Amino acid sequence: MNKKLVLLCVGFFVASTLWAQENKDLVEQPEESVSQEISASSQVSGEVLEKTLSTNLYNTMIGRIPGLTVSQGSFEGGVVNNSLLARGISTFQGSSDPLLLIDGFQCSISELVPQEVESITLLKDAAATAIYGLRGANGVILVTTKRGEISPLQVSFSAQIGFQKAVRVPQYLDAYNYAVLHNEAERNDGVSNVTYQPEDLERYKSGWNKYLYPNVNWTKEIMRQVSPIQNYDLSFKGGNKIVKYFVMLNVINNNGLLRRTEPLSENSKNQSYTRYNVRSNIDVNVTKNFSVAANMGLSVADWTTPGAQYASTIFDKTNIPANAFPIYNPNNTFGGNETYTNPYADLTETGYYSSNSRTINTALRVTEKLDMITKGLSVSAAVAFNSWYIGYSNKLKTYARYPVSNAGTADDIEYTYGQKQGDDTSLEGDESMSNQWRNMIFTGSLDYKRTFGRHRVEANAQYTYESRNVGPEQPYLHIGGGARISYAYDKRYLLDLSAGYQGSERFPVGKQYGFFPAAAIGWVVSNEGFLKNNRVLPYLKLRASYGLTGNDEMGNTDRFMYVDSYAQVAGGYPFGVGNNVIYGPGLTLLGNSNFTWEKERKFNVGIEANILNMFDVSVDYFHNRRYDILAAPDRDIPVFIGANLPMLNLGRTKNQGFELSLRYSGQAGKNISYFAEFTSWLSKNEITYKSESVKVYDYQYTTGRPIFQPYVLIADGFYTQEEIDDPNVLKPSWSEVKAGDIKYKDMNNDGVIDDNDSYPMGYTSTPEFSAGLNLGATIYGFDISLFFHGVAGRTVYLGSNYYKAFQGNGSVSKVALGRWTPETAETATYPRLTANVSDQNNFRSSTFWQKNGDFLRLRNVEVGYTFKNLLKNRKSDLRVFISGNNLFTLDYVKDLDPELMSGYPAVATYSVGAKIQF
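Just so we're on the same page, the numbering used here is the position in the sequence shown counted from 1, plus 6.
Where hints are given, some of them may not hold.
EDC-like cross-link-like pairs, simulated, lysine to aspartate or glutamate; straight-line CA separation at most 16 Å [to be verified]:
{"no.": "1", "residue 1": "LYS744", "residue 2": "ASP845"}
{"no.": "2", "residue 1": "LYS323", "residue 2": "GLU227"}
{"no.": "3", "residue 1": "LYS751", "residue 2": "GLU729"}
{"no.": "4", "residue 1": "LYS250", "residue 2": "ASP206"}
{"no.": "5", "residue 1": "LYS744", "residue 2": "GLU192"}
{"no.": "6", "residue 1": "LYS744", "residue 2": "GLU728"}
{"no.": "7", "residue 1": "LYS403", "residue 2": "GLU434"}
{"no.": "8", "residue 1": "LYS294", "residue 2": "ASP308"}
{"no.": "9", "residue 1": "LYS403", "residue 2": "GLU437"}
{"no.": "10", "residue 1": "LYS660", "residue 2": "GLU774"}
{"no.": "11", "residue 1": "LYS605", "residue 2": "GLU53"}
{"no.": "12", "residue 1": "LYS226", "residue 2": "GLU53"}
{"no.": "13", "residue 1": "LYS403", "residue 2": "ASP429"}
{"no.": "14", "residue 1": "LYS275", "residue 2": "ASP352"}
{"no.": "15", "residue 1": "LYS744", "residue 2": "ASP731"}
{"no.": "16", "residue 1": "LYS57", "residue 2": "ASP789"}
{"no.": "17", "residue 1": "LYS751", "residue 2": "ASP761"}
{"no.": "18", "residue 1": "LYS216", "residue 2": "ASP206"}
{"no.": "19", "residue 1": "LYS900", "residue 2": "ASP860"}
{"no.": "20", "residue 1": "LYS323", "residue 2": "ASP352"}
{"no.": "21", "residue 1": "LYS921", "residue 2": "GLU53"}
{"no.": "22", "residue 1": "LYS701", "residue 2": "ASP722"}
{"no.": "23", "residue 1": "LYS547", "residue 2": "GLU614"}
{"no.": "24", "residue 1": "LYS547", "residue 2": "ASP496"}
{"no.": "25", "residue 1": "LYS403", "residue 2": "ASP436"}
Derived by calculation from the structure, the hints in this document are not laboratory data.
Computed from a predicted model, the values in this text were never measured in an experiment.
From just these sequences and the hints, can you work out the full model?
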């Protein structure tokens with residue numbers, strides 16, 4: 007491995023150095039970087055991300071970077087559950103997560119704040135990612151943190167205070183309407199003696215007795231209307247020719263939507279999340295040729311949640327009937343029964359979960375210029391240490407709850423209490439939970455940059471060693487390197503050759519390393535004589551790239567798949583006079599001695615142009631083919647081989663799409679400027695081979711269909727009574743159905759409705775198409791910006807308990823008001839109600855519960871005013887602003903948020919802030 011890598015690096019440098027020496031008679035020009043000029047990449051600045059006030063950096067990135075699809079993560083402070091996809095999904099088995107790097111080193115970025123970020127760049131094609139070897143196929147996200155500059159000390163302080171308000175909170179029916187619909191459901195099931203008699207309904211309606219006829223809005227009882235959020239930032243930046251520095255301290259706090267519990271109980275703590283971020287980046291020119299760059303980032307977070315580890319767990323418990331029991335009984339004990347716990351008591355009387363986490367991100371790089379060998383040559387070495395640790399200090403308890411009833415009469419109530427459920431215990435500490443990871447990275451690199459007349463050359467070769475520890479597991483290793491050489495002639499013709507050579511300990515010895523070459527070409531047409539100084543088209547560049555990348559995150563739980571697996575097997579052998587059965591280990595899974603990483607061939611063509619010095623346009627088309635995806639060899643190897651077979655590298659997919667970026671900017675006089683930027687991207691994927699077992703019907707194959715294609719029954723309205731009575735109308739095989747039940751199509755025309763009729767229908771929850779519209783203007787010191795984000799080609803599934811009336815002993819939401827009855831048969835939007843808690847027909851996976859997941863959302867609005875030059879002798883500005891996030895959404899779901907269909911509610915954020923710089 008080392009010989010191959012050395013030869014690769016030396017070859018690149020020898021070629022570039024010899025060329026330079028042969029052309030040393032040319033007039034030297036100032037150095038000008040050519041790296042990645044012709045690769046596909048997108049970028050957003052930290053200043054733009056600051057417009058979204060959130061404890062989660064990923065949430066600020068949604069829709070901002072063309073080609074990067076970021077799912078909406080939880081709005082609960084401390085919870086980071088977003089998914090990131092660069093140009094969609096290309097694998098059905100392995101991970102699709104991009105490689106995340108902070109200042110060139112792999113590290114978690116979720117704990118960063120926008121105030122310490124200079125920019126976030128997404129690398130998308132092979133020309134940009136092949137050098138990352140086994141980890142480049144899913145794209146690479148580069149986070150560049152802020153650094154100092156040659157200037158006097160610049161001080162910046164900002165404060166932003168606001169509140170969050172839940173939007174689209176689940177709307178469950180009150181006790182009276184619940185009882186009415188429950189009776190209807192029982193009658194539909196053939197029950198004559200329904201649960202709630204007329205006097206019961208009247209008492210629920212009038213609120214006759216809050217203990218015997220409770221009407222509890224559980225969501226309202228455990229949630230407060232608004233939650234405060236605040237963010238403070240202080241930074242220092244400056245430097246001279248010797249030392250440059252950037253230092254920042256940031257504090258962000260969000261107390262969450264759960265009701266304040268400390269005033270209510272001594273056994274709980276208020277929900278709270280506070281994070282402290284510190285950043286110190288220093289660059290020192292020790293001598294004329296020797297420089298040092300030191301980076302240090304630290305994040306410390308304190309997180310407390312009452313009642314459960316995650317607040318979303320408490321919110322999910324509110325799906326119980328409003329009349330189940332009161333919060334408190336007349337004797338001040340907690341209401342409850344054997345079916346349900348008391349959500350209010352769960353919040354206030356079960357203790358609290360608290361944690362403290364810290365993330366450290368450090369790096370030290372030294373660079374020496376080697377102009378004495380050849381001008382433009384330099385060598386550098388760097389070491390980085392990153393770690394994350396979270397420890398829990400939880401205090402937990404249980405409580406007793408009692409059902410209450412009336413042993414007297416309506417006029418002489420005598421409360422009686424049923425069997426106690428649970429026990430009252432004292433708070434007990436639990437310090438057993440923790441989690442951690444850490445990595446150590448070493449890199450060494452040679453760089454060469456030189457310009458000779460019309461020729462520009464830039465070359466780089468590097469070696470990387472990374473060891474990553476996750477908990478007590480054996481370290482994960484990535485060892486290798488890469489090289490890149492870029493050449494430009496006369497600022498017109500561009501060439502970029504790159505290659506990565508990298509290995510991992512996960513693969514069999516002798517098959518641990520891979521070679522990943524890529525090439526890109528570019529043509530700056532606007533620098534040709536026939537277009538030079540053209541006023542209509544002042545800039546036009548064409549570019550194309552092709553190369554090979556890899557992904558070693560295979561999505562398989564067996565880390566070393568090439569090793570046979572053994573375990574104690576069922577059955578045994580009798581031995582001895584007593585025929586005692588002896589058990590022992592046996593082969594449970596064959597190893598895959600040819601186990602290797604996923605590979606992807608990436609092709610990209612792009613156009614960049616400026617029109618009339620007002621419109622900036624960028625268009626990219628990409629076509630990627632991934633292969634060696636792990637798949638069960640159901641078609642390739644017969645079952646009668648007599649062993650449990652491992653997954654083999656048999657799967658193949660393709661993924662293609664386009665990206666468009668269009669920006670218009672203009673100015674009206676000295677004090678008015680404006681811009682509009684539209685971005686969009688689309689990706690469509692397909693499984694081209696998966697080694698599937700033989701299917702009875704062609705539509706059952708996933709090969710030839712999108713990755714993660716949903717398979718559902720095709721709903722065809724509701725059964726009428728005439729259809730129920732007609733023996734010629736097909737009925738499902740799994741249960742008896744009645745009028746008002748969902749009717750399904752017989753997709754295979756075999757005369758039977760069963761699971762074989764599940765059909766590929768709908769999209770996945772990941773959108774195929776995304777778009778963003780960013781509008782802004784500055785008018786005499788005032789500034790305004792609006793950011794819209796929309797997606798299409800997306801399906802959501804209404805599978806949460808909110809949509810399942812009476813299922814799992816749950817409540818019933820307003821969605822069920824559109825239920826089928828003989829009177830509403832023509833207009834019904836919901837099947838007939840049933841109190842059968844294990845409904846076998848209506849809640850099966852079907853198109854009835856699929857919903858168009860497309861939406862258009864106003865992600866951000868910000869209006870500000872800047873007071874210029876407050877101090878006489880130095881530049882000093884004060885900007886005050888108001889901001890709003892997630893202010894409205896146009897969508898097809900309506901009842902719940904189209905991005906978050908359960909758990910912690912989506913929120914709209916309103917804030918005011920000020921930032922002073924001097």
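These are the hints, each one checked on the structure:
Restraint check: the Cα-Cα separation between LYS744 and ASP845 comes to about 12 Å, which is no more than 16 Å; the hinted pair holds. For the hint linking LYS323 to GLU227, the alpha-carbon distance of about 12 Å falls within 16 Å, and the restraint holds. A C-alpha spacing of about 14 Å is found between LYS751 and GLU729, which places the hinted pair at or below 16 Å, so the restraint holds. Pair hint LYS250 plus ASP206 does not hold up; C-alpha atoms about 77 Å apart against a cutoff of 16 Å.
Taken as a hint, the LYS744 and GLU192 pair is honoured in the structure, with Cα atoms around 13 Å apart against an allowance of 16 Å. Restraint check: the Cα-Cα separation between LYS744 and GLU728 comes to about 10 Å, which is no more than 16 Å; the hinted pair holds. A distance of roughly 6 Å separates the Cα atoms of LYS403 and GLU434; the hinted pair therefore holds under the 16 Å criterion. Distance restraint check for LYS294 and ASP308: the Cα-Cα separation of roughly 45 Å exceeds the 16 Å cut-off, and the hinted pair is therefore not satisfied.
In summary, the hint linking LYS403 to GLU437 is supported, as the alpha carbons are separated by about 14 Å, within the 16 Å threshold. In summary, the hint linking LYS660 to GLU774 is supported, as the alpha carbons are separated by about 14 Å, within the 16 Å threshold. For the suggested pair LYS605 and GLU53, the alpha carbons sit about 36 Å apart, so the restraint of at most 16 Å is broken. A threshold of 16 Å between alpha carbons decides the hint, and for LYS226 with GLU53 the separation of about 37 Å lies outside it, so the pair is violated.
Proximity of LYS403 to ASP429 is assessed by CA-CA distance (about 9 Å); at most 16 Å being required, the pair is judged to hold. Restraint check for LYS275 and ASP352: satisfied, since their Cα atoms lie roughly 12 Å apart, inside the 16 Å limit. For the hint pairing LYS744 with ASP731, the CA-to-CA distance comes to about 9 Å; that is within 16 Å, so the pair holds. About 13 Å separates the Cα atoms of LYS57 and ASP789, which keeps this hinted pair within 16 Å; it holds.
Taken as a hint, the LYS751 and ASP761 pair is honoured in the structure, with Cα atoms around 11 Å apart against an allowance of 16 Å. With a C-alpha separation of about 13 Å, the suggested pairing of LYS216 with ASP206 holds against the 16 Å cut-off. Between LYS900 and ASP860 the alpha-carbon distance is near 12 Å, which keeps this suggested pair within the 16 Å criterion. Between LYS323 and ASP352 the CA atoms are separated by roughly 9 Å; this keeps the pair inside 16 Å, and the hint holds.
Our distance criterion of 16 Å between C-alpha atoms is met by LYS921 and GLU53, whose separation comes to about 12 Å. Restraint check for LYS701 and ASP722: not satisfied, since their Cα atoms lie roughly 25 Å apart, outside the 16 Å limit. About 5 Å separates the Cα atoms of LYS547 and GLU614, which keeps this hinted pair within 16 Å; it holds. Between LYS547 and ASP496, the direct Cα distance comes to roughly 14 Å. Compliance with the 16 Å bound is thereby established for this hinted pair.
The hinted pair formed by LYS403 and ASP436 meets the criterion: a straight-line CA distance of about 11 Å does not exceed 16 Å.
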